[in-house]
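Those protein sequence lines, which keep their order, are chains A and B. Numbering (our numbering) for the first sequence: 1 to 134. Numbering (our numbering) for the second sequence: 1 to 597.
What the hints contain is simulated information worked out from the structure, not anything from laboratory work. Glycine is no exception: its CB is placed at the ideal position from the N, C-alpha and C atoms. Don't take every hint at face value.
Partial pick of chain A residues on the chain B-facing surface, computed with a CB cut under 7 Å [what the hints assert, rightly or not]:
{"hint": "1", "residue": "Lys3"}
{"hint": "2", "residue": "Val4"}
{"hint": "3", "residue": "Lys5"}
{"hint": "4", "residue": "Ala8"}
{"hint": "5", "residue": "Asn64"}
{"hint": "6", "residue": "Ile65"}
{"hint": "7", "residue": "Val69"}
{"hint": "8", "residue": "Tyr98"}
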Amino acid sequence: MVKVKSLADLQNLKANLQTKVDLREKGDSAERLVQVRVAMATCGIASGAKKVMEFFIDELEKRNIDAVVTQTGCMGYCYAEPTIEVKLPNQDPVVFGYVDSKKADEIIEKYIKNGELVPGIIPVNYETIDNNNQ
Amino acid sequence: MTKYKMHLLVCGGTGCRASASDAIVGKLQKELDEKNLQDEVQVVMTGCFGFCEKGPIVKVLPDNTFYVQVKPDDAKVIVEEHVIKGRKVEKLLYKDPADQKEISDSKHMGFYKKQLRIALRNCGVINPENIEEAIARDAYAALAKVLTEMTPQQAIQEMIDSGLRGRGGGGFPTGMKWKIASQNHADQKYVVCNADEGDPGAFMDRSILEGDPHSVIEAMAINGYCIGATKGLVYIRAEYPLAIERLKIAINQAREYGLLGDDILGTGFSFDIQLRYGAGAFVCGEETALIHSMEGERGEPTFKPPFPAESGYLGKPTNVNNVETYANIPVIYLKGANWFNKIGTAKSKGTKVFALAGKINNVGLIEVPMGTTLREVIYEIGGGIKDGKKFKAVQTGGPSGGCLTEKHLDTPIDYDNLIASGSMMGSGGMIVMDEDDCMVSVARFYLDFTVEESCGKCAPCRIGNKRLHEQLDIICKGKGTLADMDKLRNLSHVIKDTSLCGLGQTSPNPVLSTLDNFYDEYLEHVHDKKCRAGVCKDLMQYIIDTEPCVGCTACARVCPVGAISGERKGPHTIDQTICIKCGACMDKCKFNAISIH
Numbered sequence: 001m002v003k004v005k006s007l008a009d010l011q012n013l014k015a016n017l018q019t020k021v022d023l024r025e026k027g028d029s030a031e032r033l034v035q036v037r038v039a040m041a042t043c044g045i046a047s048g049a050k051k052v053m054e055f056f057i058d059e060l061e062k063r064n065i066d067a068v069v070t071q072t073g074c075m076g077y078c079y080a081e082p083t084i085e086v087k088l089p090n091q092d093p094v095v096f097g098y099v100d101s102k103k104a105d106e107i108i109e110k111y112i113k114n115g116e117l118v119p120g121i122i123p124v125n126y127e128t129i130d131n132n133n134q
Numbered sequence: 001m002t003k004y005k006m007h008l009l010v011c012g013g014t015g016c017r018a019s020a021s022d023a024i025v026g027k028l029q030k031e032l033d034e035k036n037l038q039d040e041v042q043v044v045m046t047g048c049f050g051f052c053e054k055g056p057i058v059k060v061l062p063d064n065t066f067y068v069q070v071k072p073d074d075a076k077v078i079v080e081e082h083v084i085k086g087r088k089v090e091k092l093l094y095k096d097p098a099d100q101k102e103i104s105d106s107k108h109m110g111f112y113k114k115q116l117r118i119a120l121r122n123c124g125v126i127n128p129e130n131i132e133e134a135i136a137r138d139a140y141a142a143l144a145k146v147l148t149e150m151t152p153q154q155a156i157q158e159m160i161d162s163g164l165r166g167r168g169g170g171g172f173p174t175g176m177k178w179k180i181a182s183q184n185h186a187d188q189k190y191v192v193c194n195a196d197e198g199d200p201g202a203f204m205d206r207s208i209l210e211g212d213p214h215s216v217i218e219a220m221a222i223n224g225y226c227i228g229a230t231k232g233l234v235y236i237r238a239e240y241p242l243a244i245e246r247l248k249i250a251i252n253q254a255r256e257y258g259l260l261g262d263d264i265l266g267t268g269f270s271f272d273i274q275l276r277y278g279a280g281a282f283v284c285g286e287e288t289a290l291i292h293s294m295e296g297e298r299g300e301p302t303f304k305p306p307f308p309a310e311s312g313y314l315g316k317p318t319n320v321n322n323v324e325t326y327a328n329i330p331v332i333y334l335k336g337a338n339w340f341n342k343i344g345t346a347k348s349k350g351t352k353v354f355a356l357a358g359k360i361n362n363v364g365l366i367e368v369p370m371g372t373t374l375r376e377v378i379y380e381i382g383g384g385i386k387d388g389k390k391f392k393a394v395q396t397g398g399p400s401g402g403c404l405t406e407k408h409l410d411t412p413i414d415y416d417n418l419i420a421s422g423s424m425m426g427s428g429g430m431i432v433m434d435e436d437d438c439m440v441s442v443a444r445f446y447l448d449f450t451v452e453e454s455c456g457k458c459a460p461c462r463i464g465n466k467r468l469h470e471q472l473d474i475i476c477k478g479k480g481t482l483a484d485m486d487k488l489r490n491l492s493h494v495i496k497d498t499s500l501c502g503l504g505q506t507s508p509n510p511v512l513s514t515l516d517n518f519y520d521e522y523l524e525h526v527h528d529k530k531c532r533a534g535v536c537k538d539l540m541q542y543i544i545d546t547e548p549c550v551g552c553t554a555c556a557r558v559c560p561v562g563a564i565s566g567e568r569k570g571p572h573t574i575d576q577t578i579c580i581k582c583g584a585c586m587d588k589c590k591f592n593a594i595s596i597h
């Protein structure tokens with residue numbers, strides 16, 4: 001671990017990390033990484049997010065799908081926990097709600113493998129600070 | 001790898017479903033089958049788009065075309081024009097209310113999105129246990145900017161200009177608070193983050209700490225630089241183990257990266273953060289009580305002045321801000337006070353996070369610009385009332401707030417409007433109630449809470465709230481008189497006027513606001529001994545109608561107190577003096593012979 005000793009250090013670090021994250025998110029034909037984010041706040045975990053995350057980690061590996069599974073905080077859709085976000089290479093992320101192992105299996109088989117959407121999609125209904133430049 | 005070339009997303013939210021989205025899915029599928037496109041185009045029903053007013057919604061992927069108010073018969077034209085010929089169906093596009101221009105791409109219609117995420121910008125996006133993901137999304141960039149480009153005075157001025165007000169509920173201008181703390185001189189000052197979130201049904205702060213702890217750490221460091229403090233403390237309730245764990249991980253990672261500790265970014269500024277655990281007392285959300293609790297004293301408030309800015313933790317100048325307030329701060333420095341103060345209303349800037357709960361379809365954590373109306377929050381974002389029932393009231397501000405009704409639905413939400421309507425912003429719990437909720441019982445519920453949580457230091461709160469609760473209980477039991485209602489009101493005012501701290505000064509609010517808005521309901525309880533919502537058990541009776549009763553004895557067997565008697569194959573009766581009104585008999589009866597009166 002290198003310490004961040006100056007403003008320049010922080011800016012370099014940010015640039016590097018952003019490339020790293022971008023690379024992972026956008027991918028390219030050589031690196032077709034699927035990204036799965038599981039909402040793991042207290043409420044998500046209480047409704048079974050941990051199990052879902054383990055399922056994705058185990059099953060994606062077993063089924064030979066090149067993917068990164070990470071945890072994240074609350075996405076805000078408490079009514080539909082556990083919620084996950086799946087990002088296929090070169091596509092906009094899609095949020096799925098009410099995900100249990102059965103649903104997770106369906107998502108892997110249909111959406112991740114074939115790009116076929118499955119019921120349970122939650123449309124993004126908020127604006128982020130990145131595109132709010134009023 | 002993708003099998004389908006196109007997707008048609010049909011909104012399956014409750015509102016759109018009511019206006020025939022099922023039929024739309026069916027028709028679209030039928031059209032596609034007829035044209036033999038079922039293997040190329042997929043129709044999927046999704047969750048709520050949060051735009052129920054213009055429902056049903058159909059969104060086409062990958063071009064993001066957004067059709068509104070679609071009727072089942074429009075399926076044909078969507079398939080023939082859009083899917084086959086690639087031409088957008090103009091008449092179904094959303095028209096900008098300002099200039100009546102059609103907008104086709106949902107990415108360019110951000111304004112339909114009622115929510116704007118500032119405090120929650122990284123929640124659900126980054127891995128909270130990985131500082132690198134946070135840094136990639138600009139964490140600590142605001143700290144770097146403040147430390148290298150601004151003097152503490154300039155940074156405080158920026159905060160004042162932004163118009164940010166405390167998100168814990170009081171709404172005191174954050175910049176002013178910092179200015180006062182900065183002007184008091186001492187050998188040591190403290191920055192405290194109030195993470196003692198105690199309102200029933202509120203979980204905004206927990207979600208921020210669990211989803212984006214670095215935003216709070218960064219803002220505390222900025223706060224420290226501004227007021228001249230090198231030590232930060234987070235007062236967090238032990239009931240939030242996951243938030244504590246993630247905060248600890250984040251603090252350690254920030255230390256490893258040199259973003260906390262001595263000589264941050266080579267600027268000579270040092271700052272570090274420690275945690276202090278609270279045992280979950282509601283009163284410790286009050287800043288003086290919080291400070292005493294951190295000092296190891298009893299969690300009781302003391303009279304202000306002196307304010308913590310003069311004499312706080314260990315007698316030193318201390319600045320206390322809430323979690324959500326802090327979460328806003330880095331963005332304000334990165335995007336500028338002038339960006340922030342354009343969002344919101346004249347006196348309340350920015351956004352507010354609400355924990356939307358109760359009888360609402362989309363229970364969740366939302367963040368809306370100040371000035372959004374309750375109607376937009378409940379019907380657009382929240383997707384309306386559960387099971388198609390009638391809206392009755394929404395409770396904001398927790399035990400310190402009040403109930404707002406139908407007539408307040410179009411009031412823009414901000415600090416001042418909510419107070420004028422007899423409630424308050426509070427920390428952001430928002431509990432929606434429908435026709436099945438009894439407002440007298442709701443008031444009693446909140447009093448239950450305050451009686452339990454009163455620290456007992458001052459008499460008006462300790463004794464007054466207890467008496468207030470007793471009066472409400474009498475009314476709920478059907479033993480109230482008109483005189484009791486006067487007593488309720490008088491006592492409420494005395495408690496408000498004479499209590500020491502915010503807890504007592506606001507605890508009668510649920511009573512006063514329900515008295516104002518639902519006087520009829522109180523009267524019914526007192527006069528007619530009737531509870532229209534069927535909640536107050538002492539005011540209702542389970543009665544067996546002898547006509548449909550066939551004497552199957554099912555009710556008598558399920559009754560836990562043996563209150564039901566009758567011959568086999570003969571009509572049964574309930575002895576009201578024994579009945580505990582559990583409702584088991586009514587659930588069991590197959591002949592709908594039992595009803596509530």
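Status of the hints after comparison with the structure:
Annotation: interface hint on Lys3/A holds; nearest CB of chain B at approximately 4 Å, less than 7 Å. A cut of 7 Å between beta carbons decides the hint on Val4/A: the least distance to chain B is about 5 Å, and the hint holds. Hint on Lys5/A holds. Least Cβ distance to chain B is approximately 5 Å, under the 7 Å limit. Below 7 Å, beta-carbon pairs count as interface contacts, and Ala8/A has none with chain B, the closest being about 9 Å; its hint is therefore violated.
With its C-beta approaching chain B no nearer than about 14 Å, Asn64/A sits outside the 7 Å limit, and its interface hint is violated. A distance limit of 7 Å between C-beta atoms decides the matter here; for Ile65/A the minimum to chain B is near 11 Å, and the interface restraint is violated. Violation of the interface hint for Val69/A is found here, the shortest Cβ-Cβ separation to chain B being roughly 10 Å, above the 7 Å cut-off. Taking 7 Å as the C-beta cut-off, the interface hint given for Tyr98/A is violated, the closest approach to chain B being about 9 Å.
This entry does not satisfy hints 4, 5, 6, 7 and 8, going by the numbered hints stated previously.
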